[in-house]
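Engineer: Chain residues, written in single-letter form:
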Amino acid sequence: MSQNNVSIHYISEKVSRVRWLPEQLQQSERFLTGSWDMDRNFVRLWRLHTNQFATANVTAGGPPELLPRCMDKVALEDDVTAMEFVDKDTLAVSCADGKSIQYPSLNPLILEIAGHLSLLKVHRAVEEDLLERTARSECLHSFRLLPEPAPCTDLAVYGHDIATCGEDGLVNVLTAGNLRQVKRTIEADSLALCALHFIGQQQLVAANRMGILRLLDVRVASAAQPKTAFMTACRDDKSSNFVSSLASHPMQPHILICGTEEGTITVWDLRNLQFPASYISAHTSTINEIGFHRRDPSKLFTASETGEVWMWTEQRSLGCEAPKDGSSAWLCGDRVKSLLKPQGVLQNISKPINSFDVHGTRFICGGDSEAVYLIDGLM
Amino acid sequence: ELGDPLAQRCGNTLTGVFVPGTRIALSAFRNVRFDSPDELTLVQEPVLIHMVEETSMFEEPALRSILAEANATFCTLQQLGCGQAVRGEYARVSCAYRGIIRACLEKLELEKKSPEVRADDRRLERLQGAMAVFYAIECVWHLFEILYVQQCQLVVPQLLEWARFHFPHTEERATDLLLMGEEAGEADPETYWEVLRSLVRLGEIDVTRAILAQSRKAQQPAYKTAEQVLKGMPVYKDNYALQKFLSQWEYWSVDTRRKLEANVFVGEPELEQLIQLVAGDKEQWDAGIRESDDWYQYLPGYLLYSKPTCKPFELRIAAANWLNRWALLRPGKELTSMGRMVLQLMQHDVKLFVFEAQRMSDSHWFSAHLIDIIYNAGTLRSYFDQNNIDLPALRHSIIYEYGSQLMSSSNLWQLGVDYLDQCKQEGRAAIELLLPRIFARSERQASKLLAMAKKRGLLVVEQDICKVLSKRAFDSQRYGSAIEWAIRSKDVLLVTGIADFILKHYSRTGTMLCPDTISSVGGRMFLAPRLVFLSKYFEFYEFYRHRDFLAASELLINLLQSKITPDYFWPSLLIDAMPLLESKDPKIFSKETVSILHHIETELVPLIERNVARYGEHNTETVFKDYRVENVNEILNLMRLACARNLARAVIIENTVPVD
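So the protein sequences, as listed, match chains A and B.
Position one of the first sequence corresponds to residue 1053 (the working numbering), numbered consecutively onward.
Position one of the second sequence corresponds to residue 19 (the working numbering), numbered consecutively onward.
Please keep in mind that the hints were generated in silico from the structure rather than gathered at the bench.
Glycine included, each C-beta is placed from N, C-alpha and C at the ideal position.
Check before you lean on any hint, since a few could be wrong.
Claimed, not checked - Chain B side only, calculated, beta carbon under 7 Å to chain A, not exhaustive: (1) Thr-91; (2) Asp-367; (3) Phe-492; (4) Ser-494; (5) Arg-506; (6) Asp-509.
To be verified - What the simulated footprint calls covered on chain A by chain B, stretch by stretch (three residues with Cβ under 8 Å from a Cβ of chain B suffice, anywhere in the stretch; the number is not a length): (7) 1089 to 1101; (8) 1118 to 1124; (9) 1182 to 1188; (10) 1235 to 1245.
Claimed, not checked - As a list, the in silico DSS-like pairs of lysine-lysine whose alpha-carbon atoms are at most 25 Å apart: (11) B:Lys-249 <-> B:Lys-130; (12) B:Lys-554 <-> B:Lys-609; (13) B:Lys-325 <-> B:Lys-262; (14) B:Lys-249 <-> B:Lys-277; (15) B:Lys-369 <-> B:Lys-442; (16) B:Lys-581 <-> B:Lys-602; (17) B:Lys-485 <-> A:Lys-1290; (18) B:Lys-485 <-> A:Lys-1125; (19) B:Lys-351 <-> B:Lys-329; (20) A:Lys-1290 <-> B:Lys-554; (21) B:Lys-130 <-> A:Lys-1125; (22) A:Lys-1351 <-> A:Lys-1393; (23) B:Lys-300 <-> B:Lys-329; (24) A:Lys-1290 <-> B:Lys-489; (25) B:Lys-262 <-> B:Lys-329; (26) A:Lys-1290 <-> B:Lys-125; (27) B:Lys-235 <-> B:Lys-277; (28) A:Lys-1290 <-> B:Lys-581; (29) B:Lys-554 <-> A:Lys-1279; (30) B:Lys-472 <-> B:Lys-522; (31) A:Lys-1125 <-> B:Lys-554; (32) B:Lys-277 <-> B:Lys-329; (33) A:Lys-1351 <-> A:Lys-1140; (34) B:Lys-255 <-> B:Lys-329; (35) A:Lys-1140 <-> A:Lys-1173; (36) B:Lys-473 <-> A:Lys-1290; (37) B:Lys-473 <-> B:Lys-485; (38) A:Lys-1290 <-> B:Lys-131.
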């Protein structure tokens, strides 16, 4: 189905998140992976090198084969649950943490670090890049009644603001400049929150395990939060369906797209929350990550638990004029299927794909197959 | 031997119990028999229980990738199916497996050089052990692939390649010689000729010729003749008429022998030895055997010069003869396990080979993938049939073993499941047992486990996982989570229990737990009547709070008549009706008021009577835990009064015809 040239690199770690290092003017050649469910979890910085030994591809006129090499790594206390860049070389990493760890330097003090946030800084260099942990927050998430750590499940970034959500139903907002101090804690839900997304500088959307999305205001405390909640559509009214991933349109921020547990995509127009704008059946399993291409908003990617990555492209050639201001193919309700064409990017992996990232024409994804899949020259 | 004092006193005897997974619990044990003397066992020491676990070599990150990668290949092979694809496909899969091993060996080699490992002796040792094991696996797998997966008619060229690959030492030295050019022969003539000899023995005619051509003496007649002989050696190529090739070969070997007899090379004894090797001279080859590292090193080379058209079934005899020669010349040397496996393959003794493969210390990695490819490629099916071995059953048991081992180790469950999937009912049963045992550290992991169970239709497992999470949330007082997981588990009893808890908590304290969750239960409430009651009551509670009394009273009446009200909640429900009955403008119709009164008399009063009968007059609070209740009888009277008043009002209003 796809002619993309996929190269697979086994890295001996289950990948929970993968991100390209942002570059302004060139193709990014460095990416970061965060691992989960390993004895020790790391955030690793990789850099692509051309393979000197494989000459077959080059002589055939194709692009040179790229090999990732691990440049540096930082050990984290537990599973990496989300990673996002705050600026061009600072990475915010949230960590699900359920263990108390004894630091030899702080002996005999035992620190209980749970559901915390770390900032990692990438130092670019010609030869050896470095990755270093510059800041770490206090325990952000814990179950209130029992002093028990709760995993942090997702994070969202807007400018220098970082918001985290956890299984305890709290949303914490911090600034990258000072992780020690939590700007605002919102008791958003009594259920575990699954996904979090900024839809404006002051507004957050948090989704819980029942598929309820809530609009939160960063400026006000828990009690004064707006009571806007809406529910994702679901195939079967009686089964549970949580929102597993959130994204918003890069150009039209009122379009909110949710990938759900059952593999469907629900699109909301935030100006009209009465009912979902579109509802698309996509995968047959949980959509682990959903997101637009950073530069090209006509492309949306979805990665699923059954090891599929699809790319949805807006059909421009159907003869309809360019979308008028405010309207979008995503908001077309029933017609959305005819306006958007899904295309398989990766298939037959059989293990969950947890995360992906696109930068220019380079696509990378990783999952529980303990491998990263690299596509250079997508389409 | 356990080190604890208790064990030492008992003479270091142990007892062990298998713990689910791959662990064994050991503790000190003293054997007491009918004739052992009675002793006072005033032992103060605590009984220490030691957990023993088999170490797995796959904790090493470089080795982990072999599992993950092989798993992907394994899945591809399952998709190809058994005996349906073209033979070339299976050869490709086999090649992929070997590629994985080679890549891994390379990674290990790199790892070994890293400073991190160098400082750690135990790790270094482990790495070296792993390398030895996987190197051996690659070697025998390669041979296996040549003989049983590719199934070429003539095996000598492939065997030569195999031998060269696994004894690369000679080739390395030959490269050095080639680089040295002319001086190669003079600097150290002994090694020079030694290398040349082993090159010939490995069948590397072209390289030998290149080195010889570089020599200063290359223009001398002896060298020229040697070049002629080596160049003239016929090499069998595909699509060649076998008969024609054989006659060519015959001619060439007779010619070579004649040249030797004519003492053409007598001036160059070293060169003569080379040609003697090529001619298959027994003495020269015996010398080769003495130098060889393992018995099979020079066998392919010998076959090249003595029986270039050797077929797989002829290999058996050739190998046996060669081994006899080797054993005669090297009496002190015993067969290594790898040597044995090579022999088993050449002698078509696959049964023993598989057995031997199982004994390798690689946690069954090799045997599992090997037996699977044997089964799928289907080329050996008749062999297994003849030997009365049930191949599918054998494959089952080995894969099952491997899969369940992966499943039960901490973070390889996602890989293990694929293997167990291949094992029909037993595999399914094992998944059913092992999947709920995996400790879900976060809800994310839990949802992955659930997805896995769902994909396989293991409803019971799904429910178990949800129930565990629900219980866990309940214990840490996260009732919202608890009820959500309970709904997911679809366990009516569990849902009822939690809903009961929330209702009781409400009637006792007047605060509703986790309102946001209850409000969004929606269609899922029909799972259990109690949950329906809870959500409906919550709806009423919300109406009431927002002062929407009309809607509230309608809902309340519905609830009262719904017959799903739990006993303990009657008082709260009826007390809730009181303000509505007493409000200034009447909200409840006469008919409904009557029914409320009816409920008071038929539900509440018998309840109180039952309660009084059981606990006595003064012990009323055991049932009436409502926070608003102080004196039951007073409430009862007030209720009756309120009903009567409302009834009076309602009857009047309802029966008044507006006068126009």
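Engineer: Of the hints given before, which are not true for this structure?
Structural biologist: Violated: hints 1, 2, 3, 6, 8, 9, 11, 16, 18, 19, 26, 30, 31, 32 and 38.
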